[in-house]
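Number of protein chains: 2
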Amino acid sequence: MSMQRGQYRKSAQRREEIVEAAFAVFARSGYVASSVSEIAREVGMSQPGLLHHFDGKPALLQAVLEKRDAKAQQMIAGKAGIDVFRALVEISAESQQQRGMVQLYTILSAEATNSAHPAHEYFVRRSRLIVTEMAQAFETARERRQLNPGVSPLQAALESVAFTEGLQLLWLQGFVEVDLGEQARTFFNRYFCEPL
Amino acid sequence: MSMQRGQYRKSAQRREEIVEAAFAVFARSGYVASSVSEIAREVGMSQPGLLHHFDGKPALLQAVLEKRDAKAQQMIAGKAGIDVFRALVEISAESQQQRGMVQLYTILSAEATNSAHPAHEYFVRRSRLIVTEMAQAFETARERRQLNPGVSPLQAALESVAFTEGLQLLWLQGFVEVDLGEQARTFFNRYFCEPL
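Read top to bottom, the protein sequences are chains S and R.
In terms of the numbering used here, the first sequence opens at residue -6 and continues consecutively.
In terms of the numbering used here, the second sequence opens at residue -6 and continues consecutively.
The hints are simulated quantities; they were obtained by calculation from the structure and are not laboratory data.
Have a look at the derived ranges for each label pair, beta carbon to beta carbon: (1) R/Ala5 x S/Ser30: 36 to 46 Å; (2) R/Pro188 x S/Gln6: 53 to 63 Å; (3) S/Ser30 x R/Lys3: 40 to 50 Å; (4) S/Thr179 x R/Gln0: 50 to 60 Å; (5) R/Pro41 x S/Gln6: 46 to 56 Å; (6) S/Glu13 x R/Pro142: 44 to 54 Å; (7) R/Glu9 x S/Glu126: 44 to 54 Å; (8) S/Glu59 x R/Arg138: 49 to 59 Å; (9) S/Arg61 x R/Glu114: 21 to 31 Å.
It should be emphasised that the depicted structure is a prediction, and the values quoted were computed from it without experimental measurement.
Virtual Cβ for every residue (Gly too), placed ideally from N, Cα, C.
Isolated chain S, as found in the complex (with noise of 0.2 Å):
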């Protein structure tokens, strides 16, 4: 019983580097032009030793994805309104520490718009949920007064996401005038009657 446990924990262990490498190979090549070999080569393992614990490319893509997402998921929770914002900047903030993990997102997404693509699905659910919700923060803020008048909750949030995107893009392509988040928050301040 106790080895099972060591050995539970060996696998996670191995899972979690193979997750690691995976993340290195997509953000250098991007996830159409990398393969299984190329990963299994980064953390050191045989590709059959691999596919045992990942069952193939599009799995390891989705255990990357959640990784980042949970974390983000996590620094908004349980806010509202305008603290969803000042989260935002936040998030966009600590991107800038994290090229990588950008670049990927960047390249993934935009692979992702071809509906045969395996992350196609995801990127659009996870598009929609994010508009859905930067929506839901302004309208709160506009039941507390908080939004500038005229400013539409559903385009505001259009216009900030698109602008988010964009934004690593140029930061990306090594525009130095690029600060993920101050830029992030001066946008945002356009919306509301009190700055974040």
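Given chain S's structure and the hints, the job is docking chain R onto it.
Quick look at chain R alone, frame taken from chain S:
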């Protein structure tokens, strides 16, 4: 002589067909995952036959990108200040009829954030040029007293480019609320005293 001319015309037409095929393949699979042999199949040529016209995948990419940019440059040429933004709204509205091209640019510009990508320099230069020209147009609008007080031309240009890029991504993901032309107009209008 007339036969040479005929051959030249035929060769130019062949090149045009190859560029169209390269566009279709890149738009479907992105640049990294596409192959010259796939493009050759698309246009119904042998791979050596195709390589007689273009000496590799990077040259094909270059030809595809140049064709599109020439069109946009033409629509902006000779305009200044607020008229530049009116032309940009028009270009955005036309994009909505060219999903394949928008998708190609979105995927390529994301892939090309890797400095090893053959189109890296191209996309960095292109974004820098667009931001610089847009900042200049905001500055001209300011001199003509068409810009709202407190707007920084460079910041407004970065925000506008980021927004435009991100909105295309949302549109490609299937957000039916997105109208590229109208939302660009609404977005730009916040910066100006007179509506576009």
